[in-house]
Structures are given as C-alpha cells and as structure tokens.
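Participant: Fit the two chains together into the complex; they arrive one by one in their own frames, and the hints show the way.
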Amino acid sequence: MRRILSIFALGALLAVPVVSAAAQKDVKMPPCGEHTLENGLRVFIVETREVPMVTVRFHVPAGSAFDPRGKEGLAELTATMLMRGAGGIGSEEMAEMIESVGGSLETGTGPDETHIAGDFMARDLPLALDLLAKVVMTPDFPAEEFEREKGIVVSDLIGEKEDPYGIATKVFVKELLGDHPYADPVKGYIDSVEKISLQDVAAFHKDNFAPGGCILAIVGDIDAGNALKEVKKRFGAWSGGRKAAGEIAAVEPKTIPGRRIVVIDKPDATQSMIRIGNIGTDRKTPDYFPLEVANSMLGGGFTSRLMDEIRVNRGLSYGVRSVMNKNLKGGYFGVFTFTKNQTLRETIDVALAELGKIRNAEATGEELEGTERYISGLFPFDIETNADIAQWMVTLEFYGLGKGFVENYRSGIDNVTSADVQRVAEKYFHDSDNLIVVLTNYAETASQLEGLGAVKVIKVDDIR
Amino acid sequence: MRDPLKTILVVMTTLALTALAPVAGARAAKKDAARKHDTAKEPVDIKLDVTVETLGNGLKVILLEDHSVPVISYQTFFRVGSRNEVAGITGISHFMEHMMFNGAEKYGPKEFDGILESSGGYSNAFTSNDMTAYYEDISSDGLALVVDLDTDRMRSLALDQKYLESEMGVVMEERRLSIDNSIGGQMWEELSALAYKAHPYQWPVLGWMSDLEGINREDCVKYFRTYYAPNNAILIVAGDFDTKEALELIHRNYDPIPAQTPPAPVRTREPEQLGERRAEVHKVAELPEILVGYHGPGVSEADLFALAVLESILSSGESSRLYRTMVRDMEAALYAYASFGWGIDPDLLVFGVKMRPGHETREGEEAIYSILDSIAKDGVTAAELEKAGNSLEADFVRSMQTVNGKAGKIGRYEVLFGDYRMIEQVPGKYRAVTNEDIKRVARKYFSEKNRNVVTLVPESSEG
Chain A
226 MRRILSIFAL GALLAVPVVS AAAQKDVKMP PCGEHTLENG LRVFIVETRE
276 VPMVTVRFHV PAGSAFDPRG KEGLAELTAT MLMRGAGGIG SEEMAEMIES
326 VGGSLETGTG PDETHIAGDF MARDLPLALD LLAKVVMTPD FPAEEFEREK
376 GIVVSDLIGE KEDPYGIATK VFVKELLGDH PYADPVKGYI DSVEKISLQD
426 VAAFHKDNFA PGGCILAIVG DIDAGNALKE VKKRFGAWSG GRKAAGEIAA
476 VEPKTIPGRR IVVIDKPDAT QSMIRIGNIG TDRKTPDYFP LEVANSMLGG
526 GFTSRLMDEI RVNRGLSYGV RSVMNKNLKG GYFGVFTFTK NQTLRETIDV
576 ALAELGKIRN AEATGEELEG TERYISGLFP FDIETNADIA QWMVTLEFYG
626 LGKGFVENYR SGIDNVTSAD VQRVAEKYFH DSDNLIVVLT NYAETASQLE
676 GLGAVKVIKV DDIR
Chain B
170 MRDPLKTILV VMTTLALTAL APVAGARAAK KDAARKHDTA KEPVDIKLDV
220 TVETLGNGLK VILLEDHSVP VISYQTFFRV GSRNEVAGIT GISHFMEHMM
270 FNGAEKYGPK EFDGILESSG GYSNAFTSND MTAYYEDISS DGLALVVDLD
320 TDRMRSLALD QKYLESEMGV VMEERRLSID NSIGGQMWEE LSALAYKAHP
370 YQWPVLGWMS DLEGINREDC VKYFRTYYAP NNAILIVAGD FDTKEALELI
420 HRNYDPIPAQ TPPAPVRTRE PEQLGERRAE VHKVAELPEI LVGYHGPGVS
470 EADLFALAVL ESILSSGESS RLYRTMVRDM EAALYAYASF GWGIDPDLLV
520 FGVKMRPGHE TREGEEAIYS ILDSIAKDGV TAAELEKAGN SLEADFVRSM
570 QTVNGKAGKI GRYEVLFGDY RMIEQVPGKY RAVTNEDIKR VARKYFSEKN
620 RNVVTLVPES SEG
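Those sequence lines, one after another, are chains A and B.
Sequence positions in the first sequence follow my numbering and run 226 to 689.
Sequence positions in the second sequence follow my numbering and run 170 to 632.
If we strip away everything but chain B, and leave its shape as in the complex, we get (with noise of 0.2 Å):
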C-alpha cells in the first residue's frame, strides 16, 4: 500500500556533501602554517541536502542526490544485528546477512551477485552487534536493476536446504579465521564474555562454533521473517540519480511488500559490574598483549562525544598519550590504542596494548591506569583538545568523500542515534567537549570495580 501522504519533492541542485570550510577567516589567516591552537574553531558545516519518505509499510527511504562520479551506493540497513539473538542461534544474524546472496524467488542462487557483477556492480555486507547492512555500487544505469534485486529477497528470500548447508561451511571458516586462528580475534572475543553476563554483547558477532552447528532453516525462517520486513529496514540511495525517478521506482517496487509484527524490544540491560574481572588466553604466540575494557555508556547518552574526544586524545596519532608513553618514552609496547565502541546499548572503552620481547602486560597495564588516573584529576590541555577535535572533524570528512561512505554513515546513524539528522550535528558536539567533560567521564567510567582485563599468555609452537 502506498502511503497517501506523498513526500513535497523540492527539486534540488545540489551537491549531496556541503562541507564548507571552518569559517572565511581561517583561510585567509593561512600563511603561518598553524604550529599555534590560537583560533577556537567554528565546527565544519555540514549539510546533507537528502528527501526522506516513510512508505506505507514502514520502509524509510533516504536519498541523496550527487552528480559528483557516474554511479550510485544503494544500502539497505536491517535494524537487527547480534544484540537481537539468544543463546543457541548466536551468530544467525551474520548467518542471514550470507544468506541474503543465495537466492530467492525471481532471481536463484548465483543469480544476485551473477547479475549484478556482469553489470559492472558490487556488493558486499557487513554484520555488526547491532546492525545489518547490505550495498551495492553499481553505475548510474543500475538503479533499477538493484531495486528489482534487493525488493525480490526481501520479498521472497528462498533458504534453500542446500545453500544454507554450504553457507555454514563459508561462515565456520571465516570465524576460524578471524577468531580461532587470530589471536586478536580471540582476545576480543574472550573480552566480550568477560565483560558482559546478562546483556546479548556478550558473544560474537559471527557466533559460537556449536551455534552455527545447530542453527536450522526453521530459525532462519523465523528470523528472516522478523527482522527483514521493511519496517525494520533502511533504504538509502546517494549518486547520480533523479530523486523523483527514484522515488516513484522505489514506491512501485517497495509498496506490495507487506509489513511484520515489529520485532520484540531487547530487555535485559547489563547489571551495574561490583568488581574487576581478569581473563588469561593461552595460546601460541611470539609477544604477550592485554585488552582492557571498560563498560560506557549507549550512543543515546551525552556522555558519548567527550569520550569519543578523550579516545582521540589518548590513541590518534603518534602524538597521542598512548603512543607518546607506551611506545616512545618506555619503549615497551609495539603499539597501544583505545577503542571505544559506539553501540545502542552501552558498549565496551577498550584498550589494547601488544608489548615489545622482554616486556610484560603488567607494565602495559599499569600505563594505561597511570594515564587514566592523570587525566582523571588533572585534565587534557587545550591543545589537546583542540587537536582532537580537528582530527574527528578530518576524519569525519575524510568519510564522506565517496558516496558509499555518505550512504553508509546516513545508515549508520539512522540505525544508532534513530536519526541521520545526528551527522550534521556531530563537529559542533565534538567542538562543545570541554576539559571539565573530559575530567568527569574519565573518573565516571574508568574506575577498577568496572574493569575487564584479558592477558595473553604465549606458548610456544611446540605446544
């Protein structure tokens, strides 16, 4: 059904990515080559020039217009990802999303990507804990193709007996590769478990190996039918397309499939944690490591941008805290880094620190608290700040510079924050983190009760 309520299409010309530089003034003031952090910057301004229209199934459809290259990145995003699975089919999410390239009902299997690879197209997915996102880069010629392609498995994916067979076999060795024989994918893993006891972070993304053992055509069924309806789905089309054509073809294919039961909220929240938790993997390896990770807050949380500030802070760059302690000045650590994961619910603060031959986790353990503990009670400097917030800004670019990355992260953030409209005011909240927020994040999140520590410990290959 088509919803009655048609969008006021506004004919744009547009560029699809405004992004001005800071303020007239500091291009003009260029000629010192800025070694100085004498200008508090206005935030880059961004403007995403998009039509958005809801269908009558509850499918939100973003488009954004941009003539810039020939071709367009059409993405659907599925607000289903590994948070939405319970014991016994971890890993079915990341299932589904290889799955969805093994036919259905216009099209076969082989037919999707045979297809659409002979028309001068790519498609790749990706799974995450609480995501599932599909794209296509294809010339501009290939929109419709690529509509005809993703409404008919969303509309009829087929589960074949025989493909879901062989798929397993394809995803049991890309978790042997990416977990079992890695020992960073084994460290992360062990972490995830440690950390979290109630809450569905707690197992990987790509699932226990008896998980995929067992998980049958009935669940994935089960699931298809849930999670893929178009009311749990994103569509977003940037490129070179007309928007009214796009729109009109999107409603003619999108409309006749019908909506689902919203799926079921997920309700367990992780228990506040009363105490450290430490973890050893033993496994054959030339140098120890540690991970450390801390629980934080959800994307909905202020919080969220002065720790993502205060990650800049300790772990961008060679002149980052990390770096400079760990890696320079001790000269113990190969290298050092923070992550901090932006999830729906609160995800993990992580630290990771692989240590040089002859230096143990301990003193990697103890910098990482010492620099924690520093920042805790006496703050960042403004340079700090300041540089901080002109690397997210860079980076934050440096994203949008094609139009997959522009369609990705409108997905992205309409899935975590429920509104793309969340990109445009991202630099201003990264330029508004002060040094008190920074101070006060750092004491709130970064105590030993809410710690989690996973240590390497290398054998040799002798066993």
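This is chain A alone, in the form it adopts within the complex (with noise of 0.2 Å):
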C-alpha cells in the first residue's frame, strides 16, 4: 500500500511511556507529479490509496482584499456565483450532477485568494474536472440567480449579528487594520453588497480568472497520467491573462501607542466576549518557527499559559487561544477568550499578565522543548487527509513556501530557543500597547473597565 506518510524511523518500542523528540519519524509528503501547462496553470497530482475517492482543488490567487471600496463582498459574490450557473449548465442541474454521485464542489474566499473544492468518488474524476472547468472558465452568471443570491448574502449578513463570538472578531480585526483591505469581512457589509452589479461580479471574474498564477490540486485514489491528461483536455485550450490588480499594501507594522478599548455594548448578553491584540505580520516571515512555538506556548493546546491560567487554575472560562492570522501582506495577532460579565476584568488582567511575562522572561527548557514536541507531534496529523494534502500543494507554491517546507518543518520547530521565543514575544505580543474589544452588557461591566484605557461604545446594532 501507498503510504502517505513515509516513514524512517529506528523506533523501537519503548519500556517506559516516554516520547522523546528524537523518536518522532520523519514526515514527508507523498511523490507529487507537478505540471505547468502552456498557458500557464499549475498543475499537482497526488496519487493517494486510503480510501476511493479523489478531492480537487483549484486556486485563484485574488481575494477579498482586492474588493473596490464600497463593493466589500464582491470576491466572495463572485466565488458564489460561479456555482449558480456554468457553461449552460443551471445552478439546479449543476447542483443535481454533483450530489446524485454523492460528491462536493463548493467555493470560498480568502482575504488573498479564491478557491473552489469538493470531493468525489474516485471514479468520477471525469465530472469533478467537467464541472470545475465550466465554473472556472465559462461562468453564465444568470440575472435572477444574481439577485436571489443577493438576497441570501444580505440576510445572511443580518443574522451574524446573532452571534457574539463572530461579531466580537469582525469589530477587532476592523479596529485594528483600519482602512487596510484586510480590515474588511469577506463577506462584506450590508450596504456594500447591495451596491454590487451583476456587471462588477462578470468583471472580477474576467480580471482575476485567468491561467497564469492559477493551481489546481487532484489528490486520490487516481492514475495520475490520466488524470494529468484530463486536465490538458479541459484546461489546455484557456487563454487568457490576469488584469494587472492594483499592489496591495503591507499591513504596516506599527505598534498601538497605549491602549484602546472598544466596547460592543449587547445588553442581553451574560458571557463577555473577549479580543486582545495588535498587528501581527505575513506568511512568509522569516519569524516564522519562532512564532509558531511562541504562540503555541501561549495560547496554544490545553496546556498552554493562557488556558492554564484562565481556564484550568480559574475556571474564567471554556476556552481562551491565541491566534497569528497571517496573510500575503500581514495579518494580525489576538487572544480570544470570553466569561461571564462579572468576571470580565479579571480575565483581561490574567490575560495581559501571561502577554507580559512571555515578553519579559525566557521561557524554560521543559517548557520550550515540551510545546516543540506537542507542535511537531501533531503535524502528522494535518497530512492525513486528500483534503489536506490538496490545501499544502496549494499554499507551498501559492506562498513560495519552497520544497522540503514540509520535510523541514519539525527541524524548523525543534531549532527554536528560548531566546527566540522571547524575541518574538516582544516583537508580536504587546501587553500595554494593543487594542482590546470587548462584548458585553456594558451596563453591568462599565464599572470593571475603569482604569484600563480609553473606551469608545458601539451599540451592537449600530455596527455596520
């Protein structure tokens, strides 16, 4: 049988139950067949034997960050779209071809890219590159499938103002980025939506789909010879090139002088929702080992210092992580926890104690080789799937991550020190300059918030 994983290990079988680093095998990615076609498109065929099915993978390097003022949404409108009718296919039919075989095609966005993927029995291949070809090729963008969707965007929109942990994160990533396009949902605002025209989807599409920096991903139970000759098929006649889009800017790294607060003020709310953080950095950072042991140290798995703290020794909480988003051109780092109103500032005080203490002192060797065991431990675990074997194609050539990125990740991790770990805990985590939102009944916490900073309210019906 194919491995997924190969595997080098002297590992016998130890008489105590210790796990030592160095008894960890060696992760590889599986032989990748890679194809550039003439015209430009990137093409990765993985064979896989775990189970019969096949998952594809298409990438279109353009996302919501690319969205015109006013028209947040677009990209994602457009990704939608393409599903609702696709070389005279109808969106019913469409939706009929894929389920009757029991397979998934499906679309999303990100602030950098676009991408649609499903999973299929292995067998129907053939209709799995039919149908992604028509959509990514020839969408029809018919006008009443356009309004219809219009409509389920924007009542979509209006029902996430249900949900506090989503609202609380869309208010701190829009504080924080400010006017950079990464400020901005995905999935755009209200007002923006209904501002776009059937005419601004068909010309993002005709600007940013186009061959050149296009990848398609085919992980499964396949011959890849085959596979790779009915991609040449449906795919080898695309011409076309991307429109020149606009550069977008780094996230300029700047810290928060002091702090500010922003309170989301829901009344009926009884739990407190919690976002601490300030700008982070890209994906291609040279920070990048370091970082990944420093925020799984923080605030990573069960054991990390914000869960010790917050959850285990106080029980403030269900959950509490640390989170580095990081895209092409940066991103941002946050704590995301939420308790009960009452306890609010007690949090946000543990939390900022555990930000400066990262900071301020190295970490020890337990402590630094026991979150480098748990990180490198678990990366197997992210390789096990076509599904995710499909997405790491994806983002080692999108991101120029470079070969061996995989192979060299847990040497990567295990080269980390402690002063590392330190240096970039300063760099990235701030205790006293940073932005805080909170979601609360501000009514009853009002009082708890004195003293911390200055605070601007938004009254949750008021956010946009």
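Derived by calculation from the structure, the hints in this document are not laboratory data.
Ideal placement from N, C-alpha and C gives every residue a C-beta, glycine not left out.
Misleading hints may appear alongside valid ones.
[Said to hold, decoys possible] Just some of the chain B residues that point at chain A, by a computed CB distance under 8 Å:
{"no.": "1", "residue": "G277"}
{"no.": "2", "residue": "K279"}
{"no.": "3", "residue": "S308"}
{"no.": "4", "residue": "M337"}
{"no.": "5", "residue": "E342"}
{"no.": "6", "residue": "S484"}
{"no.": "7", "residue": "S485"}
{"no.": "8", "residue": "M499"}
{"no.": "9", "residue": "E500"}
{"no.": "10", "residue": "T550"}
{"no.": "11", "residue": "K556"}
{"no.": "12", "residue": "N559"}
{"no.": "13", "residue": "A563"}
Facilitator: Written out as structure tokens, the structure is:
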C-alpha cells in the first residue's frame, strides 16, 4: 500500500512510556507530479490509496483584498455565483449532477485567494473536472440567480448579528487594521453587497480568473497520468491573462501607542467576549518557526499558559486561544476568550499578565521542549486526508514556501530556542500597547473596565 | 484477572479499511460522467479487519491495525450520557468528562494534558445523550504512554475538590456560550424539554444551571464508580501498532482494574404523545426561526435506515427538497435542514428553518408540512433514492478517512447498536430502502399529534 507519509524510523518500542523528540518519525509529503501547462496553469497530482475518493482544489490568486472600496464582498459573491450556472448548466442542474454521485464542490474566499474545492468518488474525476472547468472558465452569471444570491447574502449578514463570537472578532479586526483591505470581512457589509452589480461580478471574474497564477491540485485514488490528460483536455486551451491588479499594500507593523478599548454594548449578554491584540506579520515571515512555538506556548493546546491560567487554574472560561493570522501582506495577533460578565476584568488582567510574562522572561528548557514536541507530534495529523494534502500543495506553491517545507518543518520547530521565543514575543505580543475589544452588557460591566484605557462604546445595532 | 480464553491472533497484513469502490463495471463504464441514474449500484464493500477481545473485567477491546500514517488514535467509550442522569444531577455526565482530565493517583492535576501534549499528543472528549468518549491522537511511539495515562484515570480518578470547583466554572461558561447566549442552543434546549415529558432526553447534555451549582464531590464519586468501570467501557485503538504487542500491553495494564456492579438500566420510556405541543422563545434576535420535532424510532428499530435516507433526500445539499423549496423557490428561508437523531432510545426527527427578513415562521412551518404530506402520499423519485444512497455512502467513506474517524465510528456503533459490525451493514441497509418504505415512515412519524414546535420570537436589543 502506498503510504501518505513515508517513514524513516528506528523507533524501538520504548519500555517506559515516554516519547522523546528523537523518536518522532520524519514526515514527508507523498510523491507529487508537478506540471505547468503552456498557458501557465500550475497542476499538482498526488496518488493516494486510503479511500476510493478524489479531492480537487482550484486556487485563484484573488480574494477579498481586491474588493473595491464600497463594494466589499465582491470576490466572495463572484465565487458563489460561479456555482449558479456555468457552461450552459443551470444552478439546480449542477447541484443535481454533483450530489447525485455523492460528490461535493464548493467555493470559498479568503483575503488573498478564491478556491473551488470538493471531493468525489474517484471514479467521478472526469465529472469533477468537467464541472470545475465550466465554473472556472465559463460561468454564466444569470441575472435572476444574482438577485436571489444577493438576497441570501444580505439575510446572512443580518443574521450574523446574532452571533456574539463572530461580531466581536469582526469588530476587532476592523478596529485593528483600519483602512487596510484585510480589515473588511470577506462577506462584505450589508450596504456594500447591495451596491454590487452583475457587471461588477463579471468584471471581477474577467480580471482575475486566468491560467497564469492559478493552481489546480488533484489528490486521491486515481491514475496520475490519466488525470493529467483529463486536465489538459479541459484546461489546455484556456487563455487570457490577469489584469494587473493594484498591489495590495503591506499591513504596517505599527504598534498602538497606549491602549484602545472598544466596547460593543449588547444589553442582553450574560457572557462577555474578549479580543486583545495588535498588528501581526505575513505568512513568509522569517520569524515563522519562532512564532509557531511562541504562539503555541502562549495559547495553543490545553497546556498553554493562557489555558492554564484562565481555564484550568481559575475556571474563568471554557476556552482561550491566541491567534496569529498571517496573510500574504500581513495580519494580526489576537487573544480570543470569553467569560461571564462578573469576571470580565479579572480575565482581561490575567491575559495581559501572560502577555507580559512571555515578553519579559525566557521560557525554561522543559517548557520549550514540551511545546516543540507538541507541535511536531501533531504535524502528521495535518497531512492525513486527501483534502489536507491538496491544501498543502496549494499553500506551498502560492506562498512560495519552497520545496522541503513540510519535510523540514520539524527541524524548523526543533531549532527554535527560548531566546527566539522571547524575541518574537517582544516583537509581536503586546501587553500595554494594544487594542482590546469587548462585547458585553456594558451597564453591568462598565465599572470593571475603569483604568484600563480610553473606552469607545458601540451599540451592537450600530455595527456596520 | 485475566481472561483465560485468549483470542486467537491472526497476523494481519491489512489495510484497515478496505472500502472498495462498487463493482468493477462502474469504474470501466465511467466515460460519460454520470448524469443519469441508470445503474443500480452495489453498496460499497466495507470490511473492518479488527481484533476483538473482552477482558476478564468486562472491558471490550477493539484493535484496528493500520499503518498508513505513523500515528494512533486511542479511544475509550463509556456507556453513559445524559440519559443515565436523574433530576438534580443533570449535566453530571458531561461534567465527569471534564473531570477526567483533572488528575488521578499517578498523574496528578494538569499532568494528563501536560505529559500528553509535551509528548506530541492531543486529547479531547465528548458527551452526548447516550455516551461519553475520550480520545488521544499521538505518534505511534505514544501507545504505552496513553495506556498508562488512561488506566491511571480509570483506576483512580482523584476528583480533587479544588479542581471540581474551577472545572464547574469552566462548564458553566460552556453552557453560557453554547446555550444561554446562543439562539440555536436555546431553541434546541426548549425543543427537548417540550417533546419529552418522562424520558431523560428532556434535559440538555450540559445540564440545567441550578443542577450544575449543586453537583458535589459525593455525586461524582458515585457516578464515577458506577459508570467508569471497565465493564461499562469499550477501548478502541486504530493506527500504526502491532496488534499482539498492543494486546499484551492492554492486558497488563487494564486486567488489574476490577469490574463493578453493572449500572441500572434506564427504565423510563417516553409515553406516546397525544397532541401537538408548541412553545415560544422570546430573545434578542434578528431573524425568526423555527424548530419542528417529531418522536422517531430508537436505533434498534428497522425504520432508522429509511428515515436516514429520507433525511438525506430532504436535507442534503442544494438539490434537496427543503433547500429547493424554501431557499430557492419561495426565497423565504436563509437555510432549512432536517436532523434525525440516532439514539439508544427513540430520538427526535427535527426540522429547522431560519427565515429571511420579512418572512414569518408560519411560511416555513407550512412548507415543511406540505413537503412531508406530499412524500407520505406520493413518495420520492427513483433518482432521489439513488442520490441519497450515493451521498450517504460517500459521507460514510469520508468519515473513515482518518484513524480518528475510524476508531470513533467503531466506538459509536458499538455503543448505539451493541455491535461495531453494524458499520459493515449500513451501506447495504441504505441501498435496500424502497419508495414504499419512505412513504410508510413518512406517514408513521410525521403526524400532527406527534409534533413539537418551537418558535423564536425576535426581540429588539433595546429590550
């Protein structure tokens, strides 16, 4: 049987139940066929034999960061519209074709990319590629479907206000990143989606969907040679180039002098949402591995510092994590948690104290090694399914992470020192110069927030 | 004590899950990418090449050797969930799930996660009405470690007072997050409380807040002794290990843990519902929403599979009846779904609809009834039946892609059906469902008398 991961290990069964870093087996990507069609489309094909299925993933290097100001949500709406009729196949017929064979094909949008991805029984690869080619190259964008889809998106945005977790994060990102395109939600705003026309959608597609820069990954129980033939048959004649889009500016890595507090007042909330953070960095940062370790140590698993202090020792929350959001041109760092209204301030103070500690002192060798083993140990689980592998193929290519990134991942982690962790903590985790967003019943918690910093209050109904 | 009847170990050169695609012909005749429903399909062939042994103390061990990735998933399922609770201690099953991570005799508080994570492992758990399950995912070298960690807590859970208190704070926050401050959570809690008058499925797995405030150490000690005994558990290991070695290791560590008096069976059965029940939830919200629940069959009843196929036809994907009707044709709903529970005791067949602005829940409710009436009368199309079979089968294969998924499925089926081998039969059972079956179950379960309706009445945030 073909293995997803190749193994090189002298792992004798250990007598004592201890797993040493040295015992962890090497991780390798499975052999991958890599091709560039004459039109520039990059194609990656991997054979696996675990389940009789195949994953397809088509990546377009244009996402919500390309949305024109005032028409936020355009990239996402364009992606959704791809499935609403293409190559003469109507929306309902397309759903029927996919679902009648137990397949799935869905679109998604991020700040930097749009993708169409799904999985099918392996025997249905030709069907999957037929549909993929149609939605990517020849979407029909029917007017009636467009109006219906807009209605759904607007309803969805209205419904989002019911989700405290989502609102807090949305306001946090907007307040932090301000005018940068990454500040705006991928789905856009109610007013901006209403302004989008069908012509905008067609133009976004025309400007951004072209073979150069796009990536197609196919992973599954298939014959690679045959799959490549099938790809060439459908995508070989695709032509056209991308319109030179204006370069997205890098997110300025400025710190916030002093602290800003933004309160979202939701009078019926019995639990407060907390977001604390600052500007982060981009996906290709040379600090990548130290940040993986530092972020995991601070707010990764069940034994991270934040989890230990906020959940385990004090029972203040069900969950807390720290997030390094890294896109092509930057991102943010944030601590995300929640607690009952009565313990809002205590929880904020504990989180801030932990941010201070990881900045101000080196971790012990024991904590460092434990964190590194945790990250390395879980890494194989990130490369287990066909979808995981397809995602990795696209990620490695799009961000230009280079060959061997996966193979070298564990040594990258192992080489991080306590000094590295402290250095990146000082650089990226701020305990005093930061933004704190709180969603809470402000009448009940206002007094707790005194002395923390300048407070701006927004009513939940006033959020764009 | 050791089981004298040692299982014969067959040396297996296996692929753990051999899920071969249907019939050779299907693969060959694949040129014209299926737009027709012309071929009667054979169900996907699933063989679980496992080794099963029940230890002397009653622990059932199921081992699935699979060397595709150098990892293992180590899962323990206990036959206990909120259905085993009584008024006053609702939520204790789920609370015990949390306490299992807070220290035992050998590995004290924080040490379970501390040692596991610093060894490159990950652990989590879940509790439902019917079961409580734990898993550790770790590289292959970690087997001996997880055996040691898991036997320690099964043998000697500490239930330290200090951690009981802080963990209860954690669980209360979980309740505030997923029920009290969540519209969906609140609606589902209300539906269960409305539909069940007698049976324990009436209360939330998370428990009522006042019970959480009252649960004490004594309650936990008693609960642990009864329900966390080896004779009430199933151990499943899937992944990259040697079966013979693993079994020896398991014997050595689990055999000394004594069996306990088996838990009392759950006696209460829900009496037949004699008329429609309705409830409202008034809450700050933007969009109206509705849940409609009917009492369905338990997993031991044959109707289960016809209902699963019907659920798929109603609710799976954009070509499903609910989506087509309510989201597309009427443009009245943001989403509409069906969720038919699989419970040891009869669970609910639930429909949920979130309306779009300007639409009332009445429209959603009427649409559900009209769809169900038409199916009871005219059934579904052959194409719909075939699609549901394919879709359920593909979902089934998807859920078996990882060692964690395989082990979890074995555990779940073992608890629900009393036999993991049901996994191998399920695809065939889906394929055997006929249009007559669909009509019959639609008539049998979806009656007005058997109906429970919860409506969300949105209030403005200004109060």
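Participant: Any hints from earlier that this structure breaks? Give me their numbers in increasing order, please.
Facilitator: The structure breaks hints 1, 6, 8 and 10; every other hint is satisfied.
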